[in-house]
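What follows is the residue order along each chain.
4 protein chains.
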Amino acid sequence: MEEIFTLLIDCNDEKGLIYKITSVLFLHQFNIIRNDEYVSQEDKHFFMRSELSGQSNTEELMSELKKVLPVNANIRLSKKQKKNIVILVTKEHHCLSELLIRAYFNELNANILAVISNYDSLNEYVEKYNIPFHFVSHKDVSRTEHETEILKIISRYSPDYIVLAKYMRILSSDFIRQYENKIINIHHSFLPAFIGANPYRQAFERGVKIIGATAHFVNDQLDEGPIISQNTIAVDHKQDAIQMALSGKDIEKYVLSNALQIVLDDKVFVNGNKTIVFD
Amino acid sequence: MEEIFTLLIDCNDEKGLIYKITSVLFLHQFNIIRNDEYVSQEDKHFFMRSELSGQSNTEELMSELKKVLPVNANIRLSKKQKKNIVILVTKEHHCLSELLIRAYFNELNANILAVISNYDSLNEYVEKYNIPFHFVSHKDVSRTEHETEILKIISRYSPDYIVLAKYMRILSSDFIRQYENKIINIHHSFLPAFIGANPYRQAFERGVKIIGATAHFVNDQLDEGPIISQNTIAVDHKQDAIQMALSGKDIEKYVLSNALQIVLDDKVFVNGNKTIVFD
Amino acid sequence: MEEIFTLLIDCNDEKGLIYKITSVLFLHQFNIIRNDEYVSQEDKHFFMRSELSGQSNTEELMSELKKVLPVNANIRLSKKQKKNIVILVTKEHHCLSELLIRAYFNELNANILAVISNYDSLNEYVEKYNIPFHFVSHKDVSRTEHETEILKIISRYSPDYIVLAKYMRILSSDFIRQYENKIINIHHSFLPAFIGANPYRQAFERGVKIIGATAHFVNDQLDEGPIISQNTIAVDHKQDAIQMALSGKDIEKYVLSNALQIVLDDKVFVNGNKTIVFD
Amino acid sequence: MEEIFTLLIDCNDEKGLIYKITSVLFLHQFNIIRNDEYVSQEDKHFFMRSELSGQSNTEELMSELKKVLPVNANIRLSKKQKKNIVILVTKEHHCLSELLIRAYFNELNANILAVISNYDSLNEYVEKYNIPFHFVSHKDVSRTEHETEILKIISRYSPDYIVLAKYMRILSSDFIRQYENKIINIHHSFLPAFIGANPYRQAFERGVKIIGATAHFVNDQLDEGPIISQNTIAVDHKQDAIQMALSGKDIEKYVLSNALQIVLDDKVFVNGNKTIVFD
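Protein chains in written order, with the working numbering: chain A, 1 to 279; chain B, 1 to 279; chain C, 1 to 279; chain D, 1 to 279.
No wet-lab data here; the hints were simulated from the structure.
Errors might be hidden in some of the hints.
Copies of one chain are not kept apart here, so a pair can be met inside one copy or by any two copies together.
Simulated crosslink set (SDA-like; lysine to any residue; CA at most 25 Å straight-line) [unchecked claim]: (1) 128 to 47; (2) 139 to 12; (3) 238 to 113; (4) 82 to 31; (5) 182 to 236; (6) 91 to 258; (7) 44 to 238; (8) 238 to 77; (9) 80 to 158.
Kindly generate the complete structure, drawing on both the sequences and the hints.
Structure representation (structure tokens):
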């Protein structure tokens, strides 16, 4: 019986890579349903994503690919299936509720294993979906203690990705390093504008005519990880900072859920501080 | 000395196509700078566009590719160079002037060989660019006579593409068939809405909140050729039909010049009534 | 104690209207927080919306306004407060769930009194919000019987507005006339394109590069009522009809919830087949 | 004979302003074609723009308005007519050529009196339009000397507005103060992101998915004047810094020409570091 696989390869560019890879696929009688390649000219790095149908032995395929590819190539081969995610939130619901609904109605390529928050205000809403809600207050504990507690809960679920759906606390480098390129954040503004607190107040005071949102992988520099997706929305002088924040919620949940979807579909490569998106 | 080539292939899909094509390229020591493939699942048709650098004998390359590809495959191999175009207009300047400027400042991958119009009102402006302007009035002649005259002028220039930059007369099937998939039109609305005359009056009377423009190849059904690019712009109740048309001009010239650019860069395949765009 | 009122006036245009209206407001010591006017030049009709703060006798204010305005002027004065709505759906959840969440988290200026559907598939989800769900099957009953049953339920709730959140049955003229300019529909496409069934299949087959959604008041011509809001989203050849429909859901729920919000905020006038939107 | 006037008023907000202003207009038998008001809630400042038709004595009108308005109110009354502008450029043509064409075809509400540049590369193109081109090199002269020379040329033309259409030198505070709220700049990015040199290189290195442009009045803080208009355009990993700059040109010229148009139509108020736009 034929199955669908996703093959992700990235390595230093050299002549003949596509030929060498596809010759292995052809020999193993895989059919290529969709294929995308990209070579970053800056650093001469090669990226390829293939959707394959076939019934071959995947271990053998991996070992054959390794033989024809540069020694430090990254090769990932996986069956098409739902990923597992854990969501971190603070008090705002809009990104969380968007993801809960999409998962509930089977429109998100993921199982939401748990929601963790430093407040308990969203507990009641999350319970409607029969998903565990973990309230881990940051009060009266050190940042390290707080993160240790959260990491303990996360590790119990072994998620593929951690989604910061308006989690308003800065994660330590230690935390981030444990989940490198596995944490996705929605930033409440059009990065690199309005870094830091109260972006809609900043936007209002600057009198901007457009606001935006940015979904990105988290690295250990605040607001500086690889951008996955961005979008913007027009505003005008009639909107105050509160109304701008309301418009911002629409664009934030749209950008986060779509960025997450393409990550879950294995369509995003991280290359240094940038992403290659085969959407 | 290495040169840059663009290779366009489309044929019925079958297992191993990418492997077979890239094996030929590898044997001829071409380096693939950029590669895009797509398989249309509806009709199982395969499309591939490659940017290659190399110094090999292109005739030999073509003959080797033919050997490995299905017998009815379309294979086009060309050096990266400017295309030649002829522009048809009526009275409105905005799309024409956008293309003239881009060509003048070397930002359009094309030489504008001539401008043909059924009015002489844009003559003076075109002359500023030292480009031949042919005034072919449609008055007191039959449609066939008018088109024959225009076709005679066009054939003198042997253009790669004909651009209808707000040419407001309907071309006959005979005319179109002579330049199949070589005529690009800008439609003054968001197809398939508002087909026919006075689209901005129609848009105004319908009270729409968005207007758009569509660039498409012309086939023998009015407003029905394969769409290359579309875009939209917000309008509101304060704009009358004339002001909507003014907003429309901005989006029309933007859509046309960008659609033309990707066609000139050999990034567009036509597949029946649709396009595959590797932008 | 001061209260906030919204005053909506429309009438034939004549010299001095703003002066006459504001003189009455000034005499009654109302403060104008926000004021918008528009004169439709086509039919010389005047529209004005004022947000007022004051503590005056509203009956007296109405009677004074009537004295200075043309005899057939429409004058509506209301306290700023939540409106009541009833939602009709079929099987698709995305617009409904968006409205449920906004209402649940107090971000929609409305109470959702009930949800009515011709299928029971969304019952379980609606119950999470403790909102009555009425399943009224259209099977084995005539269209008139079906509508009569629905109208009976609606009348029980006396809603200010009825929202068709992907209700896939065409309402009769009789139904619509009972709620003139009170029924808001989301149309699954960029009107006037792709009228009728299966718009995303139509869009896919036409090979469009942009899809859209339209929120409009329902009148007795299918897909022809006054447009409140529209928006579009880019698509490309890689998306099939199903994936286009998924992209369409994002834009549909965004357009519907925002159109509804401006209606609930009394920011929309209907003028024949168009709307005047003071957003 | 009736004429069309634009009346602009701004002053501290107080009860009855609209009433008082429109009573004067009514007494002078002006008809209000279009009226827009806005009260900034932050600083309780009132803004009103009226398009009037009438034949009254405008001096008398001004004096009557002064009587009913707060003593420090700004009142501007002008006939609807073309404004005069001078354009400053460096080497890039795209914003300049857009404005030249719009003016040439009577689509810009302005006369372009002259173009001034610190390079002579655009001389030939500007001459096509029979508009004076002043080449004022910044080489071998101090910044003060350079600006003095430019100011001397500008003052000869007494323009209503100065447009920086990609003028790449920073103007001194002295220069700017002489033309307060009269200098309009196009910023090659989505402010406040990517302030400073090489914004598209910065954008590329940051791996953004959207680029933008900002038109703003110039004040004495670099890139910090009141924003008139902004817009954005999607980019992706396939575009390098040069290609992003090309996409940026499209959005820059669109944003600048539209911002300039609404300024020329007297639709923009400056309020501190923000604008009120009645478009």
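Here is what the structure says about each hint:
no.	hint	result
1	128 to 47	neither (41 Å within a copy, 45 Å between copies)
2	139 to 12	neither (47 Å within a copy, 46 Å between copies)
3	238 to 113	neither (41 Å within a copy, 31 Å between copies)
4	82 to 31	within (22 Å within a copy, 37 Å between copies)
5	182 to 236	between (36 Å within a copy, 21 Å between copies)
6	91 to 258	both (21 Å within a copy, 23 Å between copies)
7	44 to 238	between (48 Å within a copy, 13 Å between copies)
8	238 to 77	between (51 Å within a copy, 22 Å between copies)
9	80 to 158	within (18 Å within a copy, 49 Å between copies)
Of the numbered hints stated above, those contradicted by the structure are hints 1, 2, 3, listed in ascending order.
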